[in-house]
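So the protein sequences, as listed, match chains A and B. The first sequence begins at 8 in the working numbering and counts up by one. The second sequence begins at 76 in the working numbering and counts up by one.
For the record, the hints were derived by calculation from the structure and aren't laboratory data. A virtual CB, placed ideally from N, CA and C, is assigned to each residue, including glycine. You may find that some hints are simply not true.
[What the hints assert, rightly or not] As a list, the in silico BS3-like pairs of lysine-lysine whose alpha-carbon atoms are at most 25 Å apart:
id	chain 1	residue 1	chain 2	residue 2
1	A	LYS108	B	LYS120
2	B	LYS182	A	LYS108
3	B	LYS117	A	LYS50
4	B	LYS182	A	LYS50
5	B	LYS182	B	LYS120
6	B	LYS120	A	LYS50
7	B	LYS182	B	LYS117
8	A	LYS72	A	LYS50
9	A	LYS50	A	LYS83
[What the hints assert, rightly or not] Every beta carbon over 10 Å from chain B, so not counted as near; a handful from chain A, in silico:
id	residue
10	GLY51
11	GLY110
12	THR112
13	GLN122
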Amino acid sequence: EVQLLESGGGLVQPGGSLRLSCAASGFTFNSYVMSWVRQAPGKGLEWVSAIDNSGAGTYYADSVKGRVTISRDNFKNTLYLQMTTLRAEDTAIYYCAKTEKYGTTWYGFVQDWGQGTLVTVSS
Amino acid sequence: DIQMTQSPSSLSASVGDTVTITCRASQSISTYLNWYQQQPGKAPKVLIYATSSLQSGVPSRFSGSGSGTDFSLTISGLQPEDFTSYYCQQTYRTPITFGQGTRLEIK
Numbered sequence: 008e009v010q011l012l013e014s015g016g017g018l019v020q021p022g023g024s025l026r027l028s029c030a031a032s033g034f035t036f037n038s039y040v041m042s043w044v045r046q047a048p049g050k051g052l053e054w055v056s057a058i059d060n061s062g063a064g065t066y067y068a069d070s071v072k073g074r075v076t077i078s079r080d081n082f083k084n085t086l087y088l089q090m091t092t093l094r095a096e097d098t099a100i101y102y103c104a105k106t107e108k109y110g111t112t113w114y115g116f117v118q119d120w121g122q123g124t125l126v127t128v129s130s
Numbered sequence: 076d077i078q079m080t081q082s083p084s085s086l087s088a089s090v091g092d093t094v095t096i097t098c099r100a101s102q103s104i105s106t107y108l109n110w111y112q113q114q115p116g117k118a119p120k121v122l123i124y125a126t127s128s129l130q131s132g133v134p135s136r137f138s139g140s141g142s143g144t145d146f147s148l149t150i151s152g153l154q155p156e157d158f159t160s161y162y163c164q165q166t167y168r169t170p171i172t173f174g175q176g177t178r179l180e181i182k
């Protein structure tokens, strides 16, 4: 059974930093593209970032580019999201997501999600 | 960036009805379009990927169609558990983008 367990969320002041982690199990972690998707309270889904299976390719939403770094440790089966210069608008539940491929596409769809970790940016 | 516009933002219907939600991309995305359902307080669940492929375990009352810039999700014979939120997502080009969502409410 696929399990994705996020941690690291919490309350942080504007301008602060936070590192989210996602411990993965139940599948061959180093074979899958992984993503972070967030959802602000009462709002829709926002794709944040993705990383290819080797960690060499990283991709970001414009809203976080330059402030966020996605990484992975394929030996520890863990995905990370380092967030800096946090703003109030970064307040959201952050979901770790396992991405399935289909055909020749590198990014197919999200099949498995974590339970989410809440990040609150407030003074 | 590719903008995804869903319509309507909210929709009222009755159990047994057939409804259609549309999603328009700001440029052609071929068929790289997914649909997700999200129940309150839960993580999303994929319904349809690659425009029209039904994900395993998803009831056949859900169907998708389209190509290029215009796409639709149709739910035939609404069940009580279908009254929740739906999102489209394009994966043609990064940054990946979602539509703003459609809330399906019971009439």
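The hints, checked one at a time:
1. About 16 Å separates the Cα atoms of LYS108/A and LYS120/B, which keeps this hinted pair within 25 Å; it holds.
2. Taking the CA atoms of LYS182/B and LYS108/A, the gap is about 38 Å. The hint is violated against a cut of 25 Å.
3. A C-alpha spacing of about 13 Å is found between LYS117/B and LYS50/A, which places the hinted pair at or below 25 Å, so the restraint holds.
4. Straight-line distance between C-alpha atoms of LYS182/B and LYS50/A comes to about 22 Å, which keeps the hinted pair within the 25 Å bound.
5. With a CA separation close to 24 Å, the supplied pair LYS182/B and LYS120/B stays within the 25 Å bound.
6. Our distance criterion of 25 Å between C-alpha atoms is met by LYS120/B and LYS50/A, whose separation comes to about 17 Å.
7. Proximity of LYS182/B to LYS117/B is assessed by CA-CA distance (about 23 Å); at most 25 Å being required, the pair is judged to hold.
8. For the hint linking LYS72/A to LYS50/A, the alpha-carbon distance of about 21 Å falls within 25 Å, and the restraint holds.
9. Note on LYS50/A and LYS83/A: the hinted pairing is violated, with a Cα-Cα distance of about 33 Å set against a maximum of 25 Å.
10. Here GLY51/A does not stay apart from chain B, with its beta-carbon only about 4 Å from theirs, under the 10 Å limit.
11. Here GLY110/A does not stay apart from chain B, with its beta-carbon only about 7 Å from theirs, under the 10 Å limit.
12. Distance check for THR112/A against chain B: the nearest CB is about 7 Å away, which does not clear 10 Å, and the non-interface claim fails.
13. With a least beta-carbon separation of about 7 Å from chain B, GLN122/A fails to lie farther than 10 Å from that chain, contradicting its non-interface assignment.
Violated hints, in rising order: 2, 9, 10, 11, 12 and 13; the structure is consistent with all others.
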